[in-house]
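Since chain G is already given, all that's left is putting chain Y on it; use the hints.
Those protein sequence lines, which keep their order, are chains G and Y.
In terms of the working numbering, the first sequence has 249 at position 249, counting the first letter as 1, and numbering is strictly consecutive.
For the working numbering, count along the second sequence from 1 and bump the result up by 1000.
To be clear, the hints were calculated from the coordinates, so they are not data collected in a lab.
Wrong hints could be hidden among the right ones.
As the list claims (entries may be wrong) - Calculated cross-link-like contacts (lysine-lysine; reagent style DSSO-like; alpha-carbon spacing at most 30 Å):
1. G:389 with Y:1334
2. G:109 with G:389
3. Y:1359 with G:146
4. Y:1366 with Y:1241
5. G:146 with Y:1334
6. G:213 with G:336
7. G:109 with G:336
8. G:206 with G:109
9. Y:1334 with Y:1205
What the hints assert, rightly or not - Computed, partial: chain G to chain Y, Cβ under 8 Å:
10. 249
11. 260
12. 264
13. 491
14. 495
15. 501
Computed from a prediction, not measured in an experiment: that's the story for all the values here.
Ideal Cβ positions, reconstructed from N, Cα and C, are used throughout, including at glycine.
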Amino acid sequence: MSSKKSDNIDLSAHRPPWNGWLSTVSCNAPLPILFLLVWLVGTWIDTRDFQRNYGWYKNILFDTGFAIILAVSLQLINGFSGQFSLGHIGFMMVGAFLAAYPVKAFSAKLTDPGPMLMFFVALAITVAVVGTVLILLFWGIRYSRKLHPLLPTVLIILLFVWLMVDLARAATYEHPPARFILTHGISGVASSFNWLVEHGQQFGAKLTMWSPKSWRGPLCIIIAMLGGASCAGVTGLVVGMPALRLRGDYLAIATLGMGEIINRVIILTPALGGALGLGSIPRIKDTALGKAFIDTNANGRIDTGESFIGFSEFAWLYMMVIITIVVIWRLAYSAKGRAIMAVREDEIAASAVGIDTTHHKVVAFVIGAFFAGIAGALYAMQKSSIDPKSFTMQRSIEIVVMVTLGGLGSISGAVLAAILLTILPELLRDPPSAWPWGFVAVGVIFIGLLIWDWRRFLPGLIVCAGLLGIWQLLRMSAQRYGVSLPDLRMVIYSLMLVLMMLLRPQGLLGGRELWPKRRAPQREAAPTEESRQLGPENMVEGRVET
Amino acid sequence: MQEFYTFLQQLINGLSQGSIYALIAVGYTMVYGVLQLINFAHGDVFMVGAMVAMYVATGRVPPTMPIWMHGLIIGVLLIAFAAMAVSRRSAKLGAMEVLPFVGIYVVLAPSLYLVGKVSAGIPGSKWQVSYLSSFFVLLVSLVVCGLLGFLIERLAYRPLRDRPRINSLITAIGISLLLEFGGQHRSVFGPTPQSFPAEMVPNIKSAIIDTPVRIGRADALIFIVTIILMSALSYIVMKTKTGLALRAVSYRFDTASLMGININRIVSFTFVLGSTLAAAAGFLYAVQYPTVNPLMGLQPGVKAFVAGVFGGIGNITGAVVGAILLGLVEVLVKGYMPNGSQYSDAVAFVILIVILLVKPSGLLGKNVVEKV
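Isolated chain G, as found in the complex (with noise of 0.2 Å):
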C-alpha cells in the first residue's frame, strides 16, 4: 500500500523544523519576530549596567556568534556536500581584511557608505577585467591542443620561462622599465585600480549625499559585510574551482594549503598592513547607530542620536547568525541541498543521475566561504584590530572540530559544539560551580522535555546531568588539593575533545537535526480498487501502518 502513495510526493516533508515557522525567509512573521528578540535582547545587553566581569561574558557572547556563522557555514561544505575543507578561517580572514580595509580607509566614522561601496565596485571592475584577461589566456592554451597535442605543454613552458627571465631581469633594475610585462602589469592594473578607487570617491560623496542621514551607518556596515563576504565568496570560487577536483584528503590538505597561502598574501601586502594587521578599524558600537540605544540624555530618557533605531553589535551578530542558519538550513533542505548531498553520498552515483557534481560543489564551497566572509567581517569592525597571525591553521581546524563534534550533516549540532566549545574553555578559566544552578537548568529542560518527547532526549540528559557531576567533582577535588585549574583548561579541553570523540564517534547529534523534519500529515489516498474490495477497516490500518 506504501508503493502507491509515492505518485502524490508531498513537498512539504522537505520543510524546516517549525512546520510554517521559519519556513520561508521572506514572509512569515516568526523570522521577524526573531529579529526583534535579537534587538531587544542585544540593546538589553548594551544597555546593562557594566558589572564585573561584563566585558568578559560579552566576549564570550561575540567569540560564540562568530563561532556559529563559521561552523554553520563549514557544515555545508564538509557535512553536505562532504567535501573536506581544512582552511575555512582562510575566507573569515579575506572577509575581515577587505571589509576592515574600505572602512577604515573610506569611512572611519562609518558615516560615508558612498565611497566604500566605490572602492568595492573598482575592486569588482578590477577583478572581472584580470580575470577575464587569466580565463582567455587559460582556455586559449587549453584550446591550443586542437591545433596540435603538443601545443599547450610548449606554450606553459614557454610562458614560465618567460615569466622567470622577466622576474629575473625585472629585479635586477631598479626601476623596472616597461618591457617586463609582468612587473608592469602587476602594477598597471595597482595603479588603475587606484585610479578607479579615486574617482569613483567623488560619485560615492554624491551616493552619500543622497542617502537618508539615518540610513548611512547601517549602509556601511551592510556594505562592508556585503562587500567582504563577496570578496570571500569570489576567492571560495578561485580556491574552490581547481581544488574540488580532488578527492577526500587531498582536497583537505589542499585547502589546508590554500588557507596558509591566503594569510601570507595578506602578510605580505602593505594595504593590508603586513604581519601588524590592521588596527583602529571603526568598530559598530562607535556609531550613531551603535550608541543610539546605549546613550541616555541628559533628561535620563534614550537618546536616538542621528538614527532613528537603535541597533547593537550585538543584534548585528545575532540577527546574522539566524540569518546564515536560515539561509543554510533552506540551501541543505532544498532540491539543491539533496543534489549536494547525493555528491556527498556517492559522486559517480550522484553524476549518473544527471547531477551536475563539480557545479553543486563549488556552490556549497562558495556559499559556506560567503558566509565565513560575513563573519570575518563582523569580527574585524567588532574587535576593532585585526591580526593575521589570530587567523592560523589552528582556527580552521577548531571550527572542523566543531563541525565533526556536532555532527556531520546536522546544522543544530554544529550549533551546539560551537557553542559548548566556546564556552569550554572560557569557563575552565574560571570554573563556576554547578550547584544549584546548572542542576536547576537541566531539571527544568529535563521536565519540559518529558512533557514533549522524552525518549529520544532521555539518554541525553543522563548524560548531561552526569558530566555535570562529573564538572562538580572536579572543580571540588581541585580546591581540595589546592591545584588551579585555570592553568591546566586547554589540558582538560582537549581531553574532552578525545573522549568525546571516542565515546561519541558520531558526534553529538550525528547527522540528525535537533528538531527532525516533520512530515506533514497524509492526505487521505484515493479508495483504490483493492482497498475498496477489502472494506473500511483494512484501509484504516494500512494507514496506521505507514
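Just chain Y now, with coordinates in the frame of chain G:
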C-alpha cells in the same frame, strides 16, 4: 667562485634542513600508507622527542610534576574505561583495551623520573662533554617517543578504526592539542622556550670543514644520524618479515589480514617506528637550533607533511626525496630571492598546491584509478 661557494653552502644548509624534514615526513607517510590517516599529532611527537632529550641532557626531570597530576591522568583514563564499559562498545572488548594503559602510565611516569635521576648521576651527563651521554640522550628520547606513539595509536586511533576517518582526524587533533598544552603547563615544561645544552655533543659548535664551505659538526651529525636511521628503516621495511607485512598492509589492508598478518601489531609497529624517527629528528633539531619549546612541533610538522605529499604520500622513498627537495627549495628561496625569508614559509604551501593540482599522487606516487 665565491658565488659558487655560497651556492654550495646553501645546498648544505638545505640538505641538513631537508634531512630533519625527511625524518619527520617518513612517520607521516608510513602512517598514511597503512591507515590513510593524517596523523596530526606527529609534529608534537617530534616536540616531545626534543623535550625528553632536553630533560635527560640537563639531568632534569619534569621538575614539579606533582602527584595530583598523575592522579588526574590516571583518573581520566579510569573514567574513559568506565564510560566505555557503560557504553555499548563493551561487547567488543573496547573497554578492556583502556585499562592496561593506566598500568602503562603508572610504569611510564616513574621510569621517566628514574631516567632523569640516573642521567643526572652518571658521569658525562649534565653539560659535560661526551659522545656517550649524547648517545644516551638520543636513545632515551627514541624509547620514550616510541612508547608515546604506541600509546597514541592504541588509545586514540584504534578504537575508531572502523569509523570514518574524520573521527580519527579529530582525535589526532585532540592528542596534538593535549601534547602542546600539556607541554605548556608549568609543571611539565612551561610556555617559555629553553635553550638546549647542545654542548654535550663534543665540539658541536666547531666545523669539520671550514673553508671555503662550512660544514658544521651539527650538520655532520644530522647527515650521519639520518643516513644511519634511513638505512636501518629501509632494511626493516625491505628485508625483514615485519617489513614485508608492513608493505602488505599498506598495499591492501583487508587482504593482508586475510593472509594471516596481525594487523594491529603491524599498525602499532608503524607508529612506533615513525615516532622513533620523529624523536631522532627532535633531538637533531634541538642540537642544530639549540632551543626547545612546546610549540616547536607545529611548523616542522606541517612542512614535513607537505614534503610527504610532495614526494607522494604513502611512499617512503618519496617522502625522503620530497623532504630534501623541500629543504633545498626553502633555503634557496631564503638565500636568493629578495625578501626571501618572508616567502620561505609560503613556498612550502605553493609547492603543495602546485603538486596537488598537477600530480595529486606526488612525485613518486602511483595514480589510483577510482572504480565504481
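Here is how each hint holds up against the structure:
no.: 1; hint: G:389 with Y:1334; in the structure: holds, 21 Å
no.: 2; hint: G:109 with G:389; in the structure: holds, 26 Å
no.: 3; hint: Y:1359 with G:146; in the structure: holds, 23 Å
no.: 4; hint: Y:1366 with Y:1241; in the structure: holds, 24 Å
no.: 5; hint: G:146 with Y:1334; in the structure: violated, 41 Å
no.: 6; hint: G:213 with G:336; in the structure: violated, 40 Å
no.: 7; hint: G:109 with G:336; in the structure: violated, 41 Å
no.: 8; hint: G:206 with G:109; in the structure: holds, 17 Å
no.: 9; hint: Y:1334 with Y:1205; in the structure: holds, 23 Å
no.: 10; hint: 249; in the structure: holds, 6 Å
no.: 11; hint: 260; in the structure: holds, 5 Å
no.: 12; hint: 264; in the structure: holds, 4 Å
no.: 13; hint: 491; in the structure: holds, 5 Å
no.: 14; hint: 495; in the structure: holds, 6 Å
no.: 15; hint: 501; in the structure: holds, 5 Å
Hints 5, 6, 7 from the earlier list are contradicted by this structure; the remaining hints agree with it.
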